[in-house]
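Asker: Here is how the chains run, residue by residue.
Protein chains: 2
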Amino acid sequence: MVQVAVLGYGTVGSGVVEVIEKNKDMVNKKSGQELNVKYILDLKDFPGDPYEEKIIHDFDTIINDAEISIICEVMGGVGVAYQFTKAALMKGKSVCTSNKELVAKHGPELLKLAKENQCNYLFEASVGGGIPIIRPLNYSLTAEKIESITGILNGTTNYILTKMQREGADFDSVLKEAQEKGYAERNPEADVEGHDACRKIAILSSLMTGQNVDSEKIYTEGITKITADDFVYANAAGKTIKLLAKSQALANGQVLAMVAPFLLDKEHPLGMVNDVFNAVFVTGNMLGDSMYYGRGAGKLPTASAVVSDVIDCARHLGKTIMCFWEEEDAVLADQADVASRYFVRADVSAKEQVLAAFGPCETMTVPGRENDFAVFTDPIRERDFEKLCESLGAAVLSHIRMF
Amino acid sequence: MVQVAVLGYGTVGSGVVEVIEKNKDMVNKKSGQELNVKYILDLKDFPGDPYEEKIIHDFDTIINDAEISIICEVMGGVGVAYQFTKAALMKGKSVCTSNKELVAKHGPELLKLAKENQCNYLFEASVGGGIPIIRPLNYSLTAEKIESITGILNGTTNYILTKMQREGADFDSVLKEAQEKGYAERNPEADVEGHDACRKIAILSSLMTGQNVDSEKIYTEGITKITADDFVYANAAGKTIKLLAKSQALANGQVLAMVAPFLLDKEHPLGMVNDVFNAVFVTGNMLGDSMYYGRGAGKLPTASAVVSDVIDCARHLGKTIMCFWEEEDAVLADQADVASRYFVRADVSAKEQVLAAFGPCETMTVPGRENDFAVFTDPIRERDFEKLCESLGAAVLSHIRMF
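These protein sequences, in sequence, are chains D and P. Note that the first sequence covers residues 132 to 534 in the working numbering. Note that the second sequence covers residues 132 to 534 in the working numbering.
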């Protein structure tokens, strides 16, 4: 019998208890032994809850119980969760988490601590919710040099962009509807400004390179500037707009990582990832392209990923599973030097000026629209593009990178 | 240092040697120690080949060399490959294979043998080429009850159907072109009749249920009857036609497995899997839908998967990795009882008769076509559908199941 404690009885925490209970036969079979949730730590009481008697309020009970060998940290945040995780690992108790913020911020330190104490720090649920991606990167694509990872890693923004694309609605009204439906937080900043996706690509980039990619150094741009007008052009061109989190291992050893909206072909595998679904597109030097698709969030998918980590811990008690993520910081490429193609929507009255600025390149008009037109530029360095946009001033109505 | 032998120096075998050499740093790091290819077994000599001196012709040299701990069986077939694999496992040497025929036929016996001898029989490359799917099923989706698996598991037929869909060409001419390009074998039967996909879904079904799903009992229908006319209707309806290998765990404990062409929405994630790409769509009771996409064949993708198995073996020397696939046979549901919706293309002169037979259901005509029309039936049991088709005789021009 393996005893488990769950820290935090919110959405994911209650999902973890539910998955272990509902899929008991499968979970125990795959663990090679019976799993039992002994404690659930939460500030609140849950009178009437079927697991009421397991609820406790004092972490010390867990940390001092020698029977507990696996802890699910599904509290979130980087304060108390960090303290509890460190304390657990130092006692040789494995920790499984969905806390992407903590993994992105302290991943390598916690992995080292786990190794020193012959236990595990696993975080399958921290990226892509229920999509298996951490384990495929660590266990499956082991014979590959991974060249790039591109993900749709945030369900809220993908839901909003999908709605905008299909219905021609503008950002504000779709956001409001998403908030009413519970798909977006009342304070949506972490999602719509790209911070959530940024933490996730930092984790994936770190696993790709084996070095530490600091999420705070990753160029991050959200979707708040995307308009219904942009989608008119995207649709007319057979394209769509997605918030992509990208990371590329450059030949010079640097890492090029960013989060930004991109215009991409509807036919691209990432172009068909709609609604709250997420996907991670991985390119390796032998395998070429592969993609991992599924529900990026939600109680049960996320909990299923946490429990798959619990099972892995149960299979490897007393032994640390290999994970390559060193404390050494990766060198990030300077965003200003990156060359991208751009979609630029511009005022038709400044057409000559715009065409002169970007040189000979593909242009597009949409029948019935008299005030704007679009150009698809050749690859141009970001610093140069910004200067051109400045010089064009109000003539540039919007611009989006092309994938 | 871990010594490896490769059995068969054909496409995949030479790929295995190439991946181990080209990605040496990564492979050794992930293995936790250096891997070395000591022998390559082949009937032929390869004068001038960079690995010429490793080529041997006698399997006994390998089996009697105590240094060899991992063997890659990439010969194919179920005769000699079976004998060699058994002999290796009985000596405690792990075997990694891309041989789907052997895995489908003798998987549980070889897994048992590996367990008895504290070694491993791994077969990531046997399904979906370079797509990680075996390991995600065994290691990642461990907290799930998997309800169904649906795959596009054969690159040749997917290439042919994609071409037919895009170009309006007929089956024979596209097959001929695929043969000229090397995408289809000179004897294409195993691919176009669905046998290859059948073996792969048998393997996936066995891992889904933990019981043995016998590939010879799976209903299998190929793509040779699909016509350019069918694609005219599919395109007009916003759908496409794919050869799907499906497996479903029924509530009564039976397994419903089949390989057949299906009409499915272009918007479905499997609908966008084109050309030689493969994908596996998995539905779990907690996670919901997830999909794994990539190159289903090819020298380096397949070899990369074999080498990922070699790395897994090197990480687990002397220890058998859990894999649930018992020798006990799963009970397959009777195909005749399965209810499906059908697309039926029929002679317009028999319209009344056809509509009377299938009852009130959706119909479709394509502008400019005067001789045929289509119905999309309600769900109907296969045995009943066949009787109706018989009664309608030549009025039914073609029929395809709907996904």
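It should be emphasised that the hints constitute simulated quantities derived from the structure, not laboratory data. Keep in mind that this is a model prediction, so the values were computed, not measured. Some hints here could point you the wrong way.
Which copy is meant is left open, because identical chains are indistinguishable; a pair holds if it fits in one copy or across any two.
Computed list of lysine-lysine pairs in DSBU-like fashion (alpha-carbon distance at most 35 Å, straight line) [said to hold, decoys possible]:
| hint | residue 1 | residue 2 |
| --- | --- | --- |
| 1 | K276 | K185 |
| 2 | K243 | K312 |
| 3 | K236 | K246 |
| 4 | K348 | K155 |
| 5 | K276 | K312 |
Asker: My question is about K236 and K246: at a cut-off of 35 Å on alpha-carbon distance, are they close within one copy, between copies, both, or neither?
Answerer: Only inside one copy: K236 and K246 sit 18 Å apart there, 41 Å across copies, limit 35 Å.
Asker: With identical chains, the pair K243 and K312 could be close in the same copy or across copies; at 35 Å between alpha carbons, which is it: within, between, both, or neither?
Answerer: neither (41 Å within a copy, 51 Å between copies)
Asker: At most 35 Å between CA atoms: does that hold for K276 and K185 within a copy, between copies, both, or neither?
Answerer: Classified as between: cross-chain Cα gap 26 Å, same-chain 46 Å, threshold 35 Å.
Asker: Have a look at K276 and K312 and pick one of within, between, both or neither, based on CA distance no larger than 35 Å.
Answerer: Cα proximity of K276 and K312: across copies only (29 Å, versus 41 Å in one copy).
Asker: Evaluate K348 and K155 at a C-alpha cut-off of 35 Å and name the case that applies: within, between, both or neither.
Answerer: Between copies only: 31 Å across chains, 42 Å inside a chain, cut-off 35 Å.
In summary, the structure is inconsistent with hint 2 from the numbered list given earlier, while agreeing with all the others.
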